[in-house]
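**Student:** Sequence:
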Amino acid sequence: MRALSVPDLLAVWERGLAQSPTERALLMLATACPDLSVQELAKLSIGQRDDRLLTLREWAFGSQLVSIVDCPNCGDRLELDFTIADIRVPSRPDVATEHSLEVEGYRVKFRLPNSEDLTAIATQDPQTAPQLLLKRCLLETTAQKSTPPFDQLPEKVLNDVVAQMALADPQAEIKLAVTCPGCGHAWKSVFDIVAYFWEELNVWALRLLREVHILASAYGWREADILAMHPYRRQLYLEMVGR
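Residue numbers are given in the working numbering: position 20 of the sequence shown equals residue 20, and the series is strictly consecutive.
There's no promise every hint is true.
[Unchecked claim] Simulated crosslink set (DSBU-like; lysine-lysine; CA at most 30 Å straight-line):
(1) LYS145 <-> LYS156
(2) LYS145 <-> LYS135
(3) LYS43 <-> LYS135
(4) LYS145 <-> LYS175
(5) LYS156 <-> LYS188
(6) LYS188 <-> LYS135
(7) LYS175 <-> LYS156
(8) LYS188 <-> LYS43
(9) LYS188 <-> LYS175
(10) LYS156 <-> LYS135
(11) LYS145 <-> LYS188
(12) LYS109 <-> LYS156
(13) LYS109 <-> LYS145
(14) LYS175 <-> LYS43
(15) LYS135 <-> LYS109
(16) LYS156 <-> LYS43
(17) LYS175 <-> LYS109
These are computed hints drawn from the structure, not numbers from a lab.
Modelling step: build the complete structure from the supplied sequences, incorporating the hints.
**Tutor:** Following this line, the structure appears as structure tokens:
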């Protein structure tokens, strides 16, 4: 995997404007991993995918992260400051393709959710999407030599499978422990690297294109030449144009 250049980032942003979050994540990774196809990247577990996105984000914008959350109790807006190292779990490149679990007389074989699964359930009702996602990931279920259908599996079995998935792929869902200084309410806030990275990229791209417009209008320079400048040098020219 390689770092994304300024032209790479702009190209990803332009193409990703009309895409879904999952497609944007795969687009970023495909650009950074030219030796892998989109289909191969889509089969990475969500944790494996997000681990790579964390690395790309660090290379592009640094390790510091600032997130805004609203307290679900009093509504106060809180600013969270943390680093990528704070939310990264130890890398697990050897995540197993298949897993199995025995509980209450049931033996369940399953795999971890991936981007293909997220794409498949993207348009489904949010109330039923988690069940559909889980159903896609169950490979085989046996109980006393029978194969019970998904809708006949006990809730305890399904909950244990979900818990085992979380243990096997911990980077897939990152939760930040937050306590509101105003009312004292404590909760876990989910951090979504795909949404966070895209929002940063969108803000950065719009700002950069405005800078290109200003300098091209003032000096007649080509976009490629302006983008090739060091950001500090570009800022100096912008300050001189503004005088």
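**Student:** For every hint, state whether the structure bears it out.
**Tutor:** Status of each hint after checking the structure:
1. LYS145 <-> LYS156: The given pair, whose Cα atoms are some 20 Å apart, holds under the 30 Å limit.
2. LYS145 <-> LYS135: holds (20 Å)
3. LYS43 <-> LYS135: Satisfied, since the Cα-Cα distance of roughly 17 Å is no more than 30 Å.
4. LYS145 <-> LYS175: With Cα atoms ~39 Å apart, LYS145 and LYS175 exceed 30 Å; violated.
5. LYS156 <-> LYS188: holds (23 Å)
6. LYS188 <-> LYS135: Since the Cα atoms of LYS188 and LYS135 sit roughly 26 Å apart, the hinted pair holds (cutoff 30 Å).
7. LYS175 <-> LYS156: holds (23 Å)
8. LYS188 <-> LYS43: holds (28 Å)
9. LYS188 <-> LYS175: Holds: LYS188 and LYS175 sit about 6 Å apart, inside 30 Å.
10. LYS156 <-> LYS135: Given that 30 Å is the threshold and the Cα spacing comes to 15 Å, the pair holds.
11. LYS145 <-> LYS188: violated (41 Å)
12. LYS109 <-> LYS156: holds (15 Å)
13. LYS109 <-> LYS145: Since the Cα atoms of LYS109 and LYS145 sit roughly 14 Å apart, the hinted pair holds (cutoff 30 Å).
14. LYS175 <-> LYS43: holds (23 Å)
15. LYS135 <-> LYS109: holds (11 Å)
16. LYS156 <-> LYS43: Status holds; Cα separation ~28 Å.
17. LYS175 <-> LYS109: At roughly 27 Å apart (the allowed maximum being 30 Å), LYS109 and LYS175 satisfy the hint.
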